[in-house]
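Novice: Residue numbers (our numbering), protein chains in the order written: chain A, 1 to 304; chain B, 1 to 263.
Hints listed in this document are in silico derivations from the structure and should not be mistaken for laboratory results. Some clues are possibly wrong.
To be verified - Below are the SDA-like pairs computed for lysine to any residue, each with C-alpha atoms no more than 25 Å apart in a straight line:
| hint | chain 1 | residue 1 | chain 2 | residue 2 |
| --- | --- | --- | --- | --- |
| 1 | B | LYS69 | A | VAL288 |
| 2 | B | LYS69 | A | PRO41 |
| 3 | B | LYS249 | A | ILE258 |
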Amino acid sequence: MPVFLPVAGVSVSVFLLLGAGGVVGFMSGLFGVGGGFLLTPILIMIGIPATVATASDSCQIVAASASGVGAHFRLGNVDVKLGGILLLGGLVGGAIGVQVIKVLRSLGSADFFITVTYIIVLGSVGSYMFVESLQDLRRGQIVPASSTPTRRGAFLSKLPFQMRFPRSGVSHSVFVPFVLCAVVGILAAIMGVGGGFIMVPMMVYLLRMPMRVAVGTDLFQILFTCAGITFMQATANHTVDLVLALLLAAGSTIGAQIGARLTRVLRGNQLKIILASIVLIVMLQLVVGIVRVPPFLLAHAKGH
Amino acid sequence: MKPLKALVLLCLISPPAAAGLGIKVTPQVVEMGAFYNGAKIRIEYLSEAGAKPVVVIRGSEVSELFNVKGRAGPIWVNTGKVSISGVPSLYLSMSPQAVSDFLQPEAIEKYMLDLTALKKQIRIEPREMDRDILRAEYLKLKSSENSYRFINDAVKTGEPGRDGVPYAIDLDWPRNAPPGDYEVVVYEFRNGSIAGEFHAPLKVDRVGFPAFMVSLAKNRAELYGGLSVILAVLAGFGMDSLVAALRRKGKSAPDAAGAVSGH
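Using the sequences plus the hints, can you model the full thing?
Specialist: Below you can see the structure in the form of structure tokens.
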């Protein structure tokens, strides 16, 4: 059943959009990632202009993360206090990242820098998470990560403005989540993604949050970030296709519910190892993509 | 032979084109409604006996911006941007047989009836780029997107009548061709030379709900942006509430209790 997407100006099957949204929503609910890294290329592949795909994807992420946040909230997986600090840090980092990209573009080395950053970040995060989760699974370890004291933890506990985050079961100086999230925000802006892939591992390994709370809290901050992006894209570029976004959202909200429920069935380490595998597959795909001769030497420029 | 009668009637009413014959495009406006999925277009043309028609549909000339990929060590990255202009956004050429069978290369080039002729029209900025390679890449890309097509057996010839030979083309309009003004041109060749050239407009336009949405997105962007966010949030929380309500209902039902606990 075809539907004409008004802003994109193309006709696409409704079921194709529902299916694509469903897969991405499932990942969103399960891993707390926005899924933009996956959905935007799919939309471009089915003929939607890149600018419309990017903007409409942000809009559907708002719906999927709202659905996921609702489900995670009931399960007690959303740390609103920590999520608020992460959101502020992410916004500051994102603003810095946009300026970094501007400078790199003027130097003409932005694309090379972005590609290399992408591979290094995804490769390191994915490998670390994969190896650690695999070791834990082999040991049959079910002790929450937050209970393991480390030298780094001792140093962090001496920083000023310590605050207790009961939902996550951790205490940190306000600066720790803020600065870490600002760094993720910079990377996310440079890489052109929402940052869930970096944010969730960062919350688990550096903030020592339980995996499920990290997923729910990440969705909470994604909801606000993507709402801002959607509004800005709609007003500045007029590229949000609401019909496209709502059809994707119809699929993704259902997928997000299934994903969120599945977090109760899977153990934290199992979730981590699946996420690590997906991160590594994306990284490998990226490596193959840049080493292989491209089918065309020209590609439509996004124009923004 | 209803269409032919209509065509004859149209020829009687319409002002004569060149040799007194003309073209008819049905529909003249392709309407992109909420469930638009491409369209069937019929182009009818009445020619004098012995003529070879070539029908071209072309979009307006646009300037497009592209990233150029190049090698940086072992990897392929975007090495710069080029602006490409001088050629139409869409170019569909349809003839009864290969144009090289009845036209000299000069005529093919003059009327842009093959890819080589189109290639010569491509303008690339900045000029320092390797333009030969980029022109070939541009044509490869447009052909893969079905924006440039040359169809050699698309023109059907009817039975010659008193008024001439009827030709017809039934075309599946590319469903992803953007809205805009297009032009249908019939080149009539006789003995390898041009005998007539006839033009008809073809408009592709959004109507109804899509037209309303685009107008809202462009003219009331703040409202549209706010609405997009609110609807997305409502869709998300709405779906979540629905699932939660269904789950509660399932738990309260005695048969479902086992399934939930088993889960």
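Novice: Against each hint, give a clear statement of whether it holds in the structure.
Specialist: Cross-check of the supplied hints:
1. Among the hinted pairs, LYS69/B with VAL288/A is consistent with the structure: their alpha-carbon atoms are about 15 Å apart, no more than 25 Å.
2. For the proposed pair LYS69/B and PRO41/A, the alpha carbon gap of about 18 Å is at most 25 Å, so the pair holds.
3. Under the criterion of a C-alpha separation no larger than 25 Å, the hint pairing LYS249/B with ILE258/A is consistent with the structure, at around 17 Å.
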